[in-house]
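Number of protein chains: 2
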Amino acid sequence: MYQSPTISYHGHHSPMGAHSSFTLGRLGASCGMATEKGAAADSSVYIGYRSASGVMHSFPFYKEMENEAERFTQSDEDVVATNHIFAEDEIERTYGWATDQFEAPGIRFSIYTPFESIPDPASATQEELAFASCPGTVIELCVENDSDEEWELFFAHHGTTPWMPMEGRHGLKGASTQGRMGFASVDPDVEEFIDFSVDKALGRTHTNTTFLLAPVAGLSARVAPGTTRVVRIAVGYYLGGTVTFNYPTAYWYNRYFNELDEVLSYTLKQAERSISIAKQRDAELASSGLNADQQFLLAHATRSYYGSTQWLDNGDPVWVVNEGEYLMINTLDLTVDMLFFELRYNPWTVRNVLEHFVERYAYYDEIFSPDAPDQMREGGLSFTHDMGVGNTFSPEKYSCYECGGIDRECFSYMTCEQLTNWVLCAGVYWVETQDDAFIATHKDILLACLQSLLNRDHPDAAQRNGLMGFDSSRTDGGGEITTYDSLDHSLGQARNNIYLAGKCWASYLALDHMLTSLSEPDAAAEALAGARRCVDSLTAAFDPTLGYLPAVLEEGNESAIIPAVEALIYPYKMGLMEAVSSTGPYGAYIEMLKKHLAYVLRPGVCLYDDGAWKLSNSADNSWASKICLNQFVVRHILQVDYEGSEKADPAHVRWQVYGSADHACSDQFSAGIPIGSLYYPRIVTAILWLEEQPVGQHQAEGRHEASEEVKMV
Amino acid sequence: MYQSPTISYHGHHSPMGAHSSFTLGRLGASCGMATEKGAAADSSVYIGYRSASGVMHSFPFYKEMENEAERFTQSDEDVVATNHIFAEDEIERTYGWATDQFEAPGIRFSIYTPFESIPDPASATQEELAFASCPGTVIELCVENDSDEEWELFFAHHGTTPWMPMEGRHGLKGASTQGRMGFASVDPDVEEFIDFSVDKALGRTHTNTTFLLAPVAGLSARVAPGTTRVVRIAVGYYLGGTVTFNYPTAYWYNRYFNELDEVLSYTLKQAERSISIAKQRDAELASSGLNADQQFLLAHATRSYYGSTQWLDNGDPVWVVNEGEYLMINTLDLTVDMLFFELRYNPWTVRNVLEHFVERYAYYDEIFSPDAPDQMREGGLSFTHDMGVGNTFSPEKYSCYECGGIDRECFSYMTCEQLTNWVLCAGVYWVETQDDAFIATHKDILLACLQSLLNRDHPDAAQRNGLMGFDSSRTDGGGEITTYDSLDHSLGQARNNIYLAGKCWASYLALDHMLTSLSEPDAAAEALAGARRCVDSLTAAFDPTLGYLPAVLEEGNESAIIPAVEALIYPYKMGLMEAVSSTGPYGAYIEMLKKHLAYVLRPGVCLYDDGAWKLSNSADNSWASKICLNQFVVRHILQVDYEGSEKADPAHVRWQVYGSADHACSDQFSAGIPIGSLYYPRIVTAILWLEEQPVGQHQAEGRHEASEEVKMV
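Protein chains in written order, with my numbering: chain L, 1 to 713; chain V, 1 to 713.
It cannot be assumed that every hint is accurate.
Unchecked claim - Restraint-style ranges between C-beta atoms, simulated for each label pair: (1) V:Glu92 / L:Glu554: 43 to 51 Å; (2) L:Asp444 / V:Ala224: 47 to 55 Å; (3) L:Glu555 / V:Gly241: 33 to 41 Å; (4) V:Glu396 / L:Thr441: 31 to 39 Å; (5) L:Glu272 / V:Glu396: 43 to 51 Å.
Claimed, not checked - Stretches of chain V that chain L covers, calculated by requiring three or more beta carbons in the stretch to come under 8 Å of a beta carbon on chain L: (6) 130-143; (7) 233-246; (8) 387-401; (9) 508-518.
No wet-lab data here; the hints were simulated from the structure.
Where is the CB? At the ideal position from N, CA and C, for every residue including glycine.
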């Protein structure tokens with residue numbers, strides 16, 4: 001079986017849409033349950049067993065493990081009992097797509113995070129919706145006592161707000177804090193406790209279970225010599241009432257559950273079903289054909305994605321993905337990357353986000369050329385970078401992020417890129433779902449997007465070259481940036497950027513495709529002409545002296561970037577296979593990109609020495625999510641390989657398990673060290689890799705089957 | 001004017017009953033607004049002005065001041081501007097009873113925390129209740145620009161959750177976070193901003209005010225050369241809906257205010273009235289006759305008290321004082337100490353808490369003698385230590401604190417002491433208010449209290465000696481403790497403790513007084529007999545060889561404690577002047593206590609070398625609140641002085657301003673270092689000192705006048 005280089009790294013363990021996680025796995029680190037937090041909980045989890053003679057055996061799921069170990073492991077000869085904290089080499093961790101399992105001598109601990117299609121509230125049954133939205137997670141603790149004395153297994157959690165014991169309500173034993181999170185079991189042999197430590201609790205140093213002042217609540221059960229006991233526990237979350245600001249919404253699960261106790265009770269009742277789905281997902285990934293490193297990365301990304309999801313309710317469903325540690329709401333340049341994952345499982349969430357942007361976060365601007373910043377021209381429609389931050393929705397038509405007065409640096413506007421992002425999401429969504437009503441409803445928006453895209457090239461049609469040439473008036477004389485906001489101009493500047501130009505080309509193709517279907521032949525033709533201008537400019541810009549296409553087609557920029565090819569994903573996913581073929585209408589462009597790749601995918605250019613990918617040769621700042629996406633384009637769409645390509649996946653695994661060990665899955669790395677975008681949802685671009693496998697497998701495991709499971713189970 | 005030894009210490013600045021504080025004052029420390037937190041906010045406040053040439057002048061109300069200072073103060077010769085952070089010796093702080101003012105060159109910053117009688121909801125008008133409960137605080141910033149360039153004053157606050165600008169709603173400029181706290185001004189010349197720092201904001205490095213991602217929100221206003229500008233700002237808090245668990249309540253202010261914006265708007269509208277009340281309080285304290293150290297201690301205690309108060313609503317008012325850093329709800333052994341303060345301003349809160357204990361936190365137990373722990377006898381009624389913790393109400397009849405199975409150590413039961421506490425509160429409340437209906441309603445409770453108190457001495461009447469001799473069955477074979485829970489047995493053990501015996505004596509007197517009034521002559525006589533037994537035992541236990549009354553009358557204990565005299569406060573406050581007189585019925589006891597004091601109030605016994613009080617000679621653990629109370633008993637009731645007594649007050653000030661500088665007013669000190677009970681409300685026992693002043697003054701400043709002010713203003 002595959003072993004990642006270390007087992008000591010955090011993973012999210014989250015229900016779908018609850019923006020909550022039982023994050024755990026990094027040894028000797030803070031961990032535990034947390035809700036609406038852009039980082040691992042600052043708590044401790046105690047899992048293990050205590051022998052009748054008082055020796056504690058436990059996993060090191062808490063901070064200052066080493067100090068604690070010293071404190072427990074007494075060399076004093078008078079003390080017979082020495083407590084034992086499992087060392088890393090005693091623990092085996094199996095990290096499946098939906099099961100995370102830790103085994104140490106005598107004990108096995110499993111966390112099940114099943115996921116499947118989130119059913120569309122417009123058509124699903126109450127029961128389906130309750131199951132999908134239930135904010136609980138099943139864990140299982142198995143202790144096999146091969147000794148000749150009684151053991152007592154335990155699961156306990158440190159809290160920073162008071163624990164309240166369950167005291168048998170709904171048949172539950174366990175504890176909750178402020179009704180917001182808690183854990184419980186319905187096992188009749190389990191006892192609940194609250195104390196200053198597990199050791200004190202199991203030592204029965206006091207006699208009541210209502211010791212609300214003490215910070216450690218837990219469950220224990222006796223395991224007779226020579227027997228095995230399995231205890232099933234639910235961890236759960238509950239936030240009732242309005243949870244967002246400036247645009248009131250509640251959690252969707254409020255519809256089915258009135259309080260945490262009901263969540264925990266339901267989670268335990270549905271445990272078999274949850275475990276079964278988790279095991280199905282594990283099996284799918286194991287038999288996917290992905291190599292072991294890829295399997296790890298996809299599983300890791302999937303967990304971080306669900307940890308950031310937030311299924312809200314304002315009368316209608318409101319789908320939100322929070323931007324990892326930053327907690328920005330539905331960042332549109334993340335939406336376009338997570339699109340492939342969401343379309344596989346629940347396309348309705350994509351439409352939900354796109355329409356939310358249309359309703360509240362679309363705006364019209366003017367534009368200007370950097371040569372004449374005071375001369376405003378007609379701009380057009382675009383969309384904000386995000387919808388707010390930390391449950392606080394921004395005022396309509398504004399993101400929480402974009403500021404005027406900034407010239408091509410972090411926090412400037414992303415007007416052009418967000419325009420392409422909305423168009424590309426719409427196009428891929430429509431093709432995947434055949435939701436003709438969607439494009440029909442938004443025909444005027446699509447036409448406005450086309451005009452806006454054309455204007456941002458040049459308001460004077462005769463002077464257009466297909467690239468973005470004008471900046472938004474919203475920048476107040478500054479200059480726009482791309483999603484690569486903290487990179488240098490090679491990927492950070494929007495204007496005349498070849499990465500963004502690729503997205504413009506793909507957007508024109510998407511608009512052509514949709515407008516043709518909408519019987520708007522003139523507009524479709526205009527879109528197609530835009531696409532042509534774009535690739536022609538790009539193809540012509542290939543610099544044979546340099547050997548590649550420079551990143552920004554102005555001011556002598558000579559950066560070499562991998563994402564020159566990124567946008568091929570969109571026509572590919574829209575089924576426009578001719579568009580990405582060397583023999584199709586854009587064949588020269590495709591061939592040029594292959595030449596470009598042949599140059600850049602070399603050590604010292606866009607490869608680190610260890611084989612990891614460096615998105616730009618001029619900046620030590622690389623995004624894991626974008627690497628996954630570009631890998632798919634390179635390997636699968638362009639069928640390009642290069643010397644040493646087998647070194648990339650293991651290197652990217654090391655970024656996560658060593659570099660980002662405290663932050664679960666992270667996105668932005670500088671030479672393997674995460675420098676931002678921690679605890680991040682975006683890396684589910686790795687879902688694309690499943691399509692690289694032999695034909696048939698993808699279909700068999702795709703969303704259609706996932707939907708069927710809901711009915712089946 | 002009086003100067004405390006340092007100006008660098010935190011003070012609470014809180015509205016009444018909102019459990020919220022704008023805590024600030026310690027230089028270079030975290031500070032700011034926080035709600036329901038048992039510590040100073042982990043934030044930063046920026047107050048100062050920026051010259052047109054870009055030099056920032058600011059108070060160091062943020063952490064890592066020194067590093068920041070280094071960063072700002074550039075020695076690079078190319079940089080002309082050097083920013084200036086006011087040093088401690090440039091700042092003058094005036095710490096009145098209700099005004100805390102900081103002055104530095106060119107700037108004055110004042111925080112007004114008016115307090116007065118909280119009107120009884122049973123009889124007060126909506127307008128009175130709204131004003132008293134409004135969770136807002138007025139601050140004033142005055143900048144006097146004597147330079148020849150324009151200055152820009154600023155007030156800004158760092159946030160850990162997103163700021164949302166006011167954008168003129170209700171005419172307000174400012175910002176709020178998650179609708180829970182914020183600040184605003186209605187000054188038309190003020191601008192609002194959100195940015196990464198004040199410097200960036202005033203440098204206008206970006207152009208929009210909706211930059212929700214940035215952590216620093218603030219207000220600024222221009223000050224022309226040669227002019228002075230005063231800006232009035234409200235800081236406020238708002239928690240809507242149910243805020244407590246296991247016993248749902250909302251904040252009382254929800255009745256008058258629907259959201260934070262309304263709180264801020266109202267606070268600004270009522271600013272003159274608030275400032276006027278604050279200035280009245282300042283003037284009262286200044287003319288109180290208390291020495292400067294005492295004035296400081298009372299002002300400091302008052303702020304910490306209000307910071308812990310929580311005026312809740314479950315249809316009827318629910319009064320809660322949180323136990324400082326521990327957040328325990330209505331700890332009864334604090335209630336009995338804060339009684340004098342609450343009776344001065346709002347006696348209805350005392351009755352409210354006492355009746356809440358009767359309804360939900362009274363219980364009956366059995367009792368046992370330590371000689372025969374398995375032989376249970378009839379115990380009786382008592383009350384729990386507290387009602388829960390951290391907004392989580394304990395299950396009925398249980399505190400969050402008390403555990404069985406513990407023998408005279410922290411977290412054991414305080415059954416006997418809490419019984420006396422309830423009785424003493426009831427007695428003093430009744431005498432002060434002449435609320436005959438209260439004792440009539442609770443006559444059965446009073447009778448049950450008497451029986452319980454008698455039984456805890458000895459269930460067999462013939463064997464009673466007036467002292468507690470039996471422990472509660474709730475201890476499960478352990479032993480009870482007193483409120484001095486972390487002290488050694490001299491004050492920590494309840495059984496046969498002379499401190500608790502004093503409270504038993506006072507409780508018998510209170511019961512006699514109330515039951516006489518209730519025409520229960522037999523029960524009253526039994527109570528009086530109990531009081532007699534108690535003082536006779538205590539008087540006889542004086543050890544002439546030792547020279548004092550040892551703390552615990554068993555097992556050869558020889559500790560010497562000051563609180564032997566503590567309980568005299570209760571008969572004194574009940575007007576039973578004969579009971580505390582050397583010539584009265586307990587004259588021998590009173591004389592014995594004076595001899596005791598003559599022995600213990602000496603360096604090396606119960607005085608530290610610097611003159612501070614040490615409650616027990618056998619433990620380096622002293623409670624500031626209890627010192628204040630015992631000082632009053634010693635100085636005013638017993639009229640005892642001792643050599644070096646003038647050194648005590650300055651020493652106790654040093655405990656607070658040096659030892660507890662980060663924690664506002666704290667209670668539990670070990671040689672001047674706070675070791676627990678930080679950020680604590682209980683020190684308002686210092687209110688008693690006002691009664692030591694010339695006759696007439698106390699009456700003039702008491703609650704009657706305070707009540708009149710409500711009508712007057």
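Hints, one by one, checked against the model:
A hinted range of 43 to 51 Å is violated for the C-beta pair Glu92 (chain V) and Glu554 (chain L), which are about 58 Å apart. Against the hinted window of 47 to 55 Å, the Cβ-Cβ separation of Asp444 (chain L) and Ala224 (chain V) comes to about 51 Å, which satisfies the hint. At about 56 Å, the beta-carbon gap between Glu555 (chain L) and Gly241 (chain V) misses the expected band of 33 to 41 Å. Judged by the Cβ atoms, the range 31 to 39 Å given for Glu396 (chain V) and Thr441 (chain L) is violated: they are separated by roughly 57 Å.
Evaluation of the 43 to 51 Å hint for Glu272 (chain L) and Glu396 (chain V) yields a failure: the beta carbon distance comes to about 37 Å. For the region 130-143 of chain V, the stated coverage by chain L is not satisfied: 0 residues place a CB nearer than 8 Å to a CB of that chain, which falls below the threshold of 3. Note: the region 233-246 of chain V has 3 residues with beta-carbon separation from chain L under 8 Å; the three-residue rule is met and the coverage holds. Check on the region 387-401 of chain V: 10 of its residues sit with their Cβ under 8 Å from a Cβ of chain L, so the three-residue criterion for coverage holds.
For the region 508-518 of chain V, the stated coverage by chain L is violated: 0 residues have a C-beta nearer than 8 Å to a C-beta of that chain, whereas at least 3 were required.
Checked against the numbered hints above, the structure breaks hints 1, 3, 4, 5, 6, 9 and satisfies the rest.
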